[in-house]
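Engineer: Here is what each chain is made of, one letter per residue.
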Amino acid sequence: MPIIDLANPSRFLALVGRVLPWLAAATVCAFLVGLYYAALAPDDYQQGATVKIMFIHVPNAWLAMFCWTVMTVAALGTLVWRHPLADVAAKAAAPLGAAFTFLCLLTGSLWGRPMWGTYWVWDGRLTSVLVLFLMYLGVLALWRTVEEPSRAARAAAILTLVGAINLPIIKFSVDWWATLHQPASVLRLGGPTIHSSILVPLLIMGLAFMLLFATLHLAAMRNEILRRRVRTLRLMQAQAGA
Amino acid sequence: MILNLGPYAGFIIAAYAAALGVVAALIAWIIADHRAQQRTLKELEARGTVRRSAPREVA
Chain A
392 MPIIDLANPS
402 RFLALVGRVL
412 PWLAAATVCA
422 FLVGLYYAAL
432 APDDYQQGAT
442 VKIMFIHVPN
452 AWLAMFCWTV
462 MTVAALGTLV
472 WRHPLADVAA
482 KAAAPLGAAF
492 TFLCLLTGSL
502 WGRPMWGTYW
512 VWDGRLTSVL
522 VLFLMYLGVL
532 ALWRTVEEPS
542 RAARAAAILT
552 LVGAINLPII
562 KFSVDWWATL
572 HQPASVLRLG
582 GPTIHSSILV
592 PLLIMGLAFM
602 LLFATLHLAA
612 MRNEILRRRV
622 RTLRLMQAQA
632 GA
Chain B
6 MILNLGPYAG
16 FIIAAYAAAL
26 GVVAALIAWI
36 IADHRAQQRT
46 LKELEARGTV
56 RRSAPREVA
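Heads up: the protein sequence lines correspond to chains A and B, in order. Be aware that the first sequence starts at 392, since it is given in this note's numbering, and climbs by one per residue. Be aware that the second sequence starts at 6, since it is given in this note's numbering, and climbs by one per residue.
Bound-form chain A, shown alone (with noise of 0.2 Å):
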């Protein structure tokens, strides 16, 4: 199937379809393979097993970032190009970053807590991180508040477009400001500086929130077009009736 036919919203359903199944089992495998290495990580010999914390609040932070990059790229597509599933993507993709926000957010409080002694602190990396989340929350509210989905769709891209430069504060904070939160460790130009015994699980649960991700946006992006096109008919029915 040639790529431009999934701008047809009935071609894309059919191939939700059919890979879905195999997204979500893939999910689940390496969610159990991940599990089970974190759970053979050893523990680290400063921070003990609170260590384990990082294998969910990480990922989840990635995630908060990487779903406001689809996001963006979707506002690019709803405003520039006018891809008919531009916009349907974005829509379905906002509520998945609020909820991997949000984890991020209380997986790091509650890492805090015994490492650091507080669950907060105004630091530039936690409050960038929660401006993401305050964001996430406006889109999704402005999704709510326009009934018509192309205006929706068209005010939503502009916020969207707006947040993204909060994304590179997020990732420079830690070196921008001194902060409690400790700078990159994995994500870095002179490469991971965490031991592969504690990298090698981390990585797996990365790529087992990368394909959740997935899996939810696809199986999210497929109920929004079924809406739309309830709406449509309920539209059509209404008109018929007049």
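Everything labelled a hint here was simulated from the structure, so no lab data went into it. Note that the structure is predicted; figures quoted are calculated from it, not measured. Among these hints, one or two may not hold up.
To be verified - Derived SDA-like pairs (lysine to any residue); straight-line CA-CA distance at most 20 Å:
no. : chain 1 : residue 1 : chain 2 : residue 2
1   : B       : Lys-47    : A       : Leu-404
2   : A       : Lys-562   : A       : Phe-524
3   : B       : Lys-47    : A       : Leu-624
4   : B       : Lys-47    : A       : Gly-632
5   : B       : Lys-47    : A       : Arg-619
6   : B       : Lys-47    : A       : Arg-622
7   : A       : Lys-562   : A       : Gln-628
8   : B       : Lys-47    : A       : Ala-629
9   : B       : Lys-47    : A       : Ala-489
10  : B       : Lys-47    : A       : Val-621
11  : B       : Lys-47    : A       : Arg-618
12  : B       : Lys-47    : A       : Lys-562
13  : B       : Lys-47    : A       : Gln-628
14  : B       : Lys-47    : A       : Ala-631
15  : B       : Lys-47    : A       : Pro-400
16  : B       : Lys-47    : A       : Ile-616
Unchecked claim - What follows is a set of in silico ranges between Cβ atoms, one per label pair, in the way DEER data are often shown:
no. : chain 1 : residue 1 : chain 2 : residue 2 : range
17  : B       : Glu-48    : A       : Asp-435   : 36 to 44 Å
18  : A       : Leu-404   : B       : Ala-22    : 21 to 29 Å
19  : A       : Ser-576   : B       : Glu-48    : 52 to 60 Å
20  : B       : Gly-26    : A       : Val-464   : 40 to 48 Å
21  : A       : Pro-475   : B       : Pro-12    : 51 to 59 Å
22  : B       : Ala-37    : A       : Val-553   : 28 to 36 Å
23  : A       : Asp-435   : B       : Lys-47    : 51 to 59 Å
24  : B       : Ala-33    : A       : Gly-408   : 15 to 23 Å
We put the CB at the ideal spot given by N, CA and C, even for glycine.
For chain A, the structure is supplied; the task is to place chain B on it using the hints.
Structural biologist: Relative to chain A, chain B alone:
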């Protein structure tokens, strides 16, 4: 294999339980939404409303 999570076991278990709860809620919401949309679509189509681009039966 019994995991020894040390003195901060409560924080570790709470983090994993929260992740499980949120992911389970997302999956449940998406499945429920899919069923609701499909049900509504079938009801509307049963009343004779069909999209212009819907596949037609050949007589």
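Engineer: Does each hint fit the structure? Answer for all of them.
Structural biologist: Do the hints match the structure? See the list:
A C-alpha spacing of about 16 Å is found between Lys-47/B and Leu-404/A, which places the hinted pair at or below 20 Å, so the restraint holds. As the CA atoms of Lys-562/A and Phe-524/A are separated by approximately 15 Å, the hinted pair is consistent with the 20 Å bound. Our distance criterion of 20 Å between C-alpha atoms is met by Lys-47/B and Leu-624/A, whose separation comes to about 11 Å. With a C-alpha separation of about 19 Å, the suggested pair Lys-47/B and Gly-632/A falls inside the 20 Å cut-off, and the hint holds.
Proximity of Lys-47/B to Arg-619/A is assessed by CA-CA distance (about 14 Å); at most 20 Å being required, the pair is judged to hold. Restraint check for Lys-47/B and Arg-622/A: satisfied, since their Cα atoms lie roughly 13 Å apart, inside the 20 Å limit. Restraint check: the Cα-Cα separation between Lys-562/A and Gln-628/A comes to about 49 Å, which exceeds 20 Å; the hinted pair is violated. For the hint linking Lys-47/B to Ala-629/A, the alpha-carbon distance of about 17 Å falls within 20 Å, and the restraint holds.
Restraint check for Lys-47/B and Ala-489/A: the C-alpha separation of about 31 Å exceeds 20 Å, so the hint is violated. At most 20 Å may separate the alpha-carbon atoms for a hinted pair to count; Lys-47/B and Val-621/A meet this at roughly 9 Å. The hinted pair formed by Lys-47/B and Arg-618/A meets the criterion: a straight-line CA distance of about 12 Å does not exceed 20 Å. Straight-line distance between C-alpha atoms of Lys-47/B and Lys-562/A comes to about 46 Å, which puts the hinted pair past the 20 Å bound.
With a C-alpha separation of about 14 Å, the suggested pairing of Lys-47/B with Gln-628/A holds against the 20 Å cut-off. At most 20 Å may separate the alpha-carbon atoms for a hinted pair to count; Lys-47/B and Ala-631/A meet this at roughly 18 Å. Using a Cα cut-off of 20 Å, the hinted pair Lys-47/B and Pro-400/A holds, with the two alpha carbons roughly 18 Å apart. Our distance criterion of 20 Å between C-alpha atoms is met by Lys-47/B and Ile-616/A, whose separation comes to about 14 Å.
A hinted range of 36 to 44 Å for the beta carbons of Glu-48/B and Asp-435/A is inconsistent with their spacing of about 56 Å. Distance hint for Leu-404/A and Ala-22/B: a CB-CB separation of about 35 Å, inconsistent with the stated range 21 to 29 Å. Ser-576/A and Glu-48/B have their C-beta atoms about 53 Å apart, which keeps the hinted 52 to 60 Å range intact. Judged by the Cβ atoms, the range 40 to 48 Å given for Gly-26/B and Val-464/A is violated: they are separated by roughly 30 Å.
Between Pro-475/A and Pro-12/B the Cβ separation comes to about 55 Å, which falls inside the hinted range of 51 to 59 Å. Separation of Ala-37/B from Val-553/A is about 32 Å and conforms to the stated range, judged on CB atoms against 28 to 36 Å. Distance hint check: the CB atoms of Asp-435/A and Lys-47/B are about 54 Å apart, consistent with the given range 51 to 59 Å. The given range of 15 to 23 Å is respected by Ala-33/B and Gly-408/A, whose C-beta atoms sit roughly 20 Å from each other.
Of the numbered hints given earlier, the model fails hints 7, 9, 12, 17, 18 and 20; all others are met.
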